[in-house]
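Heads up: the sequence lines are chains A and B, in that order.
Here my numbering is used: position 78 in the first sequence is 93, and no number is missing along the way.
Here my numbering is used: position 197 in the second sequence is 196, and no number is missing along the way.
Bear in mind the hints are in silico, worked out from the structure with no lab data behind them.
Do not rely on the hints blindly, as some may be mistaken.
What the hints assert, rightly or not - Pairs of lysine-lysine residues, derived as DSSO-like cross-links and limited to a Cα-Cα distance of at most 30 Å, are as follows:
no., chain 1, residue 1, chain 2, residue 2
1, A, K194, A, K136
2, A, K194, A, K114
3, A, K114, A, K224
4, A, K224, B, K199
5, A, K298, A, K271
6, A, K260, A, K271
7, A, K198, A, K136
8, A, K153, A, K198
9, A, K114, A, K136
10, A, K224, A, K194
11, B, K245, A, K224
12, A, K198, A, K260
13, A, K114, B, K164
14, A, K114, B, K199
15, A, K260, A, K224
16, B, K164, B, K245
17, B, K245, B, K79
18, A, K153, B, K79
19, A, K224, B, K164
20, A, K153, B, K199
21, A, K224, B, K79
22, A, K271, A, K224
23, A, K136, A, K153
24, B, K79, B, K164
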Amino acid sequence: MQPMINVENLTKRYAGVTALNGVSFTVNRGEIVGFLGPNGAGKSTTMRILAGFIPASAGRVQVAGFDVFEDSLEVRRHIGYMPENNPLYMDMRVAEYLKFRTKIKGVPRNERRDRLEEVVKQCGLDEVRQRVIGQLSKGFRQRVGLADALLAEPDLLILDEPTIGLDPVQIRQVRQLIKDLGKRHTILLSSHILPEVEMTCNRVIIINKGRILASDTPENLVKTLHAGGLINVEVRGPASEVTAKLGAIAGVAGVKTRAGNDEFVCVAVEPQAGTDPREGIFKTVAANGWTLRELVRDRTSLEDIFVQVMREEDEAEEERRESRRGLR
Amino acid sequence: MRNVLALLRRELNAYFASVLGYIVIMFFLVVMGVIFGTIVLFLSRGPTQVTAMEVMFSMAWLPALFLIPAITMRLLAEEKRAGTIEMLMTAPVTDFQVVFAKYLGAVVLYALMWGLTGLYVVILRHFAGESSALDLGPIASGYVGVLVIGQFLIAIGLLTSSLTKNQVAAALMSFAFLFLFLIVLSMWMPHFFPSGDLNKALQFFSYRSHMEDFARGILDIRPVVYYLSATAWALFTTTRIVESRKWR
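So here's chain A without its partners, still in its complex pose (with noise of 0.2 Å):
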């Protein structure tokens, strides 16, 4: 089955400055990718591109089978597209501002109102439908534009940071919405909020400068690229013997010990890549015939891979500056 996007080598430059260089991936239907990186990492520039609002300086991209320079209105026909800071009429009101839109997304007038009453019951909208969107709240506001991307029924919903300036009840109202939506639409939306990501996505996109640094789900990342965060052990034993003990232990790359405020000595473990000393901690604790009050592994967040990638990123980059000017 052809992919819902489609984006092969795509490449945006501005007066200057290279928004975009050199992306390729692809989102299958039915996948909920997020867009991840910081702010001015590319996620918007691609987003614009996708929905046809400006076009790419080199590269092919295709939403639905069509190609987004050539068959650009039939490609706006596929995407449900929410703007990033979601501007919209503020002098309309919720009803008639969706009928505005059912008719220049051209929806068939025999399924406007059934298409408008379906999207302000999905997006909860009811109750301000006569209200002017101007007088709504931000939360509100953003689900009016939700309601707007789902009007036309797209094969593909485009969101660019869909929860931004929302407060954290709207936040998570907003998010379950999207979960509902992803079991019968193709999203991709941005954020530069992890957790975020990680909750609603199942994949992940991280951009930075332009450029793709990882894909894959959110799980898989944590895997891939930190194999563990540190184990943190509480054992009543001598400290300097239980340091130099669980520092020997395979699968162990280093040892910090701190006392604790009773006899208690607090030891962050340091697990080696890929392996998990855990069992061999319990073991070592056991044979000494100290007592253990606390074993856990710290759970890595997307967020410290995130970090991670970006630093990896930065040094490479550090590295990259540094040869060129020892080359001088």
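With chain A's structure known, arrange chain B on it following the hints.
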């Protein structure tokens, strides 16, 4: 076409959902009411060669100078400032459909304002009776002139609105154009060049002589073609400017 109609409805809605539409109409009626009253006052002093409506049409430039920038300045500038142009241009509509609908919206509002002055004809008829001063032919062609010239000025206002995100800047640009076109080109220049080829050339572009012809009941096809093709040029250029986001 369906797209244009939907977009046009949204444009008209925007005029009347905000106070802008009402303020503009009120301003127009105040200015035209004063002009009309003054004309009637002067003409009632004795027999004249001109009719009240003829003089009124010849004054059409005065409200246009302020109203055209006011009704066109937000058309594209505001969409760009608020970012709503992104919603508009990622819907399956072409750039030209958007530009054309915005032009039509302003033309409809403009026509509506002038339509209200039809009341003056009724008033004149009531007091002056069925006299020759109320020949409906020249009145009809006067309205045609006001519409044909006004729609061109609106297209220019739309063009300036596409150049900036700032409504005030757009208004000042179209005001500057209207000022040059309506006053300098049509009223001053013929004064400086009273005869010769340059005068003939100026006559051809002179809004004033066109409007006078229309108000006298002369429905010449040449100025109509001139204004409509100038409008086509302005709308085409505006579309290219809107598209320019794609090649900048």
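Each hint, compared with the structure:
no.: 1; hint: A:K194 <-> A:K136; in the structure: holds, 16 Å
no.: 2; hint: A:K194 <-> A:K114; in the structure: holds, 25 Å
no.: 3; hint: A:K114 <-> A:K224; in the structure: violated, 39 Å
no.: 4; hint: A:K224 <-> B:K199; in the structure: violated, 61 Å
no.: 5; hint: A:K298 <-> A:K271; in the structure: holds, 19 Å
no.: 6; hint: A:K260 <-> A:K271; in the structure: holds, 12 Å
no.: 7; hint: A:K198 <-> A:K136; in the structure: holds, 17 Å
no.: 8; hint: A:K153 <-> A:K198; in the structure: holds, 25 Å
no.: 9; hint: A:K114 <-> A:K136; in the structure: holds, 15 Å
no.: 10; hint: A:K224 <-> A:K194; in the structure: holds, 28 Å
no.: 11; hint: B:K245 <-> A:K224; in the structure: holds, 21 Å
no.: 12; hint: A:K198 <-> A:K260; in the structure: violated, 51 Å
no.: 13; hint: A:K114 <-> B:K164; in the structure: holds, 27 Å
no.: 14; hint: A:K114 <-> B:K199; in the structure: violated, 53 Å
no.: 15; hint: A:K260 <-> A:K224; in the structure: violated, 45 Å
no.: 16; hint: B:K164 <-> B:K245; in the structure: holds, 17 Å
no.: 17; hint: B:K245 <-> B:K79; in the structure: holds, 14 Å
no.: 18; hint: A:K153 <-> B:K79; in the structure: holds, 21 Å
no.: 19; hint: A:K224 <-> B:K164; in the structure: holds, 28 Å
no.: 20; hint: A:K153 <-> B:K199; in the structure: violated, 61 Å
no.: 21; hint: A:K224 <-> B:K79; in the structure: holds, 26 Å
no.: 22; hint: A:K271 <-> A:K224; in the structure: violated, 36 Å
no.: 23; hint: A:K136 <-> A:K153; in the structure: holds, 18 Å
no.: 24; hint: B:K79 <-> B:K164; in the structure: holds, 6 Å
Hint compliance for this structure: hints 3, 4, 12, 14, 15, 20, 22 are broken, all remaining hints hold.
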